[in-house]
Amino acid sequence: MISVKTISKKFGRQEVLKDFTLSFEKGNSYAIMGPNGSGKTTLIKSILGMVLPDSGEILVKGRSIKGKEDYRKDVGYMPQIGRYPQNMKIGQLFSMMKDMRPEIREYDLDLVEAFELEKIKEKTMGTLSGGTTQKVSAALAFLFNPEVLVLDEPTAGLDPIAAEILKSKIRKEREAGKLILITSHILSDLEELTDQAIYIFEGEVFFNDSIESLKEMTSEEKFSPAIAKLMQWTLKKKSTTKVMTHA
Amino acid sequence: MLKLLKYALYDILKSRFAIIYTAFLILVAVSIYQVSDDLSKVSLSLMNVMIMVVPLISAVFATTHFYNNLEFIELMLAQPVKRSQVFLSQLFAVIFMLSLSLLLGFGLPMLLWGADSSLITLLAVGMILSAVFTGFAFLASVLTRDKARAIGISLALWIYFSLVYDGLVLYIIYSFADYPLEKATLGLVMLNPVDLGRILMLMQLDISALMGYTGAFFKQFFSSGIGMLVILMVLSIWLVVPIGLSGRVFKKKDF
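Residue numbers (UniProt numbering), protein chains in the order written: chain A, 1 to 247; chain B, 1 to 255.
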């Protein structure tokens with residue numbers, strides 16, 4: 001559904017993505033992992049059209065996204081730290097987002113209800129705590145029932161109850177056959193929510209396969225030690241990084 | 001586009017800054033009106049304050065606003081809207097707010113105590129300068145990656161156009177005092193939007209006689225229809241070029 005074809009991106013002299021190729025299929029849920037600065041956020045932002053790759057192309061539903069904006073109707077994005085106009089009320093923010101997709105009339109209000117955002121819709125965004133702002137971001141990402149969900153550190157900053165609500169919502173959407181991309185450093189969350197693991201190391205795909213085969217390959221039974229092993233390998237193989245996949 | 005602008009305005013018009021700026025302008029206008037009853041003196045004093053303050057506030061505020069809204073701009077870019085629309089809605093919101101503050105701040109006292117054509121020109125010049133310096137500020141913002149540097153560039157542009165440039169022009173005129181300089185001065189004036197605004201005002205005020213032969217030449221040129229047209233054209237270049245450039249950079253910028 002989304003295919004990233006040999007994209008490269010440099011920030012100044014630093015090469016963040018190098019001939020990066022990857023594809024995401026509908027109905028799967030992907031965990032995007034990698035050390036800080038490995039290119040995870042750049043990848044996500046390239047898919048959203050916020051970062052423009054130097055070369056290569058990104059196809060969504062078979063069509064290049066270059067210079068296009070329509071495809072974003074089908075993408076729900078939850079940023080790592082959502083910041084909104086300080087003087088805007090929650091209610092206004094929601095009606096603005098609805099205004100931007102006038103052709104969508106049916107809204108998914110599960111999270112709005114679960115987080116009880118209706119009660120505080122008169123509050124201005126500037127007065128909200130970090131966690132409440134995250135709840136608003138999450139509710140907005142799911143509001144339009146998008147086919148693709150891009151969640152950047154979704155549970156960071158949420159209290160345990162809210163995090164649980166969000167996770168069960170993600171599970172529900174996953175069962176409904178949505179394409180879900182999650183980046184996170186919380187491995188237990190990733191294990192619960194995803195079935196495909198993508199490990200990015202220094203701008204290249206180091207591992208791309210199901211979590212099952214990751215465990216098999218590393219001969220670990222649990223997810224976290226498997227990832228830890230993968231990280232060790234990246235350090236050893238630093239000179240000859242290879243893509244491991246049989247997908 | 002209009003939708004985006006509507007919501008950008010919602011936010012900016014309620015900001016504390018908009019209220020403080022308007023209150024400040026009202027205070028300035030009221031105190032100047034209290035000091036003198038002569039309308040041309042009032043508009044001269046108002047002009048002197050405005051020509052310094054408006055570009056400064058516009059440049060600093062527009063830069064700060066752009067950077068404070070960066071995350072919001074990012075959020076908009078993840079929505080199905082065109083980049084150019086996101087950019088223009090932010091830009092117009094700032095220009096609209098600055099112009100509205102000026103209209104209210106200087107306009108309300110004018111309604112109370114009377115105004116003449118020079119005061120109306122003053123308002124127009126103020127709005128144009130707000131827009132021009134907002135353009136500069138947005139250009140500085142899209143070209144940099146941090147707020148401090150962007151504010152630095154905006155301030156440098158303000159210092160250049162408001163303070164340094166006049167010094168340069170004076171120096172040139174003084175050094176070449178033996179030559180006929182009317183046309184050269186005219187050309188130099190075109191290179192500075194603040195000076196253009198000031199001259200547009202001064203021509204309304206009938207004090208050009210104080211400026212000697214060059215003043216008479218200016219009066220003749222700028223009072224004619226063609227002169228007016230030239231000024232407006234040059235000012236619109238000053239308006240469109242920075243905005244156009246920053247729009248182009250914005251389209252290719254990574255967020």
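There's no promise every hint is true.
[Unchecked claim] Partial list, computed: chain B residues near chain A (C-beta under 8 Å):
#1 Phe-72
#2 Lys-82
#3 Ala-177
#4 Ala-216
#5 Gln-220
Worth flagging that the hints you see were computed from the coordinates, not collected in a lab.
The structure displayed is predicted, hence computed values, not measured ones.
Ideal Cβ placement from N, Cα and C applies to all residues, glycine included.
Quiz item: Are Lys-82/B and chain A close enough, Cβ to Cβ, to be under 8 Å, as the hint says?
Solution: holds (6 Å)
Quiz item: Should the hint that Phe-72/B touches chain A count as held when the rule is a Cβ pair under 8 Å?
Solution: holds (5 Å)
Practice problem: Classify the hint on Ala-177/B as holds or violated, based on whether any CB of chain A lies nearer than 8 Å to its CB. | Solution: With Cβ-Cβ at 50 Å, over 8 Å, it is violated.
Self-check item: Restraint satisfaction for Gln-220/B [CB to CB of chain A, less than 8 Å]
Solution: violated (50 Å)
Quiz item: Can we keep the Ala-216/B interface hint, with Cβ of chain A closer than 8 Å?
Solution: Given a least distance of 51 Å, the restraint on Ala-216/B is violated.
Going through the hint list in order, the structure does not satisfy hints 3, 4 and 5.
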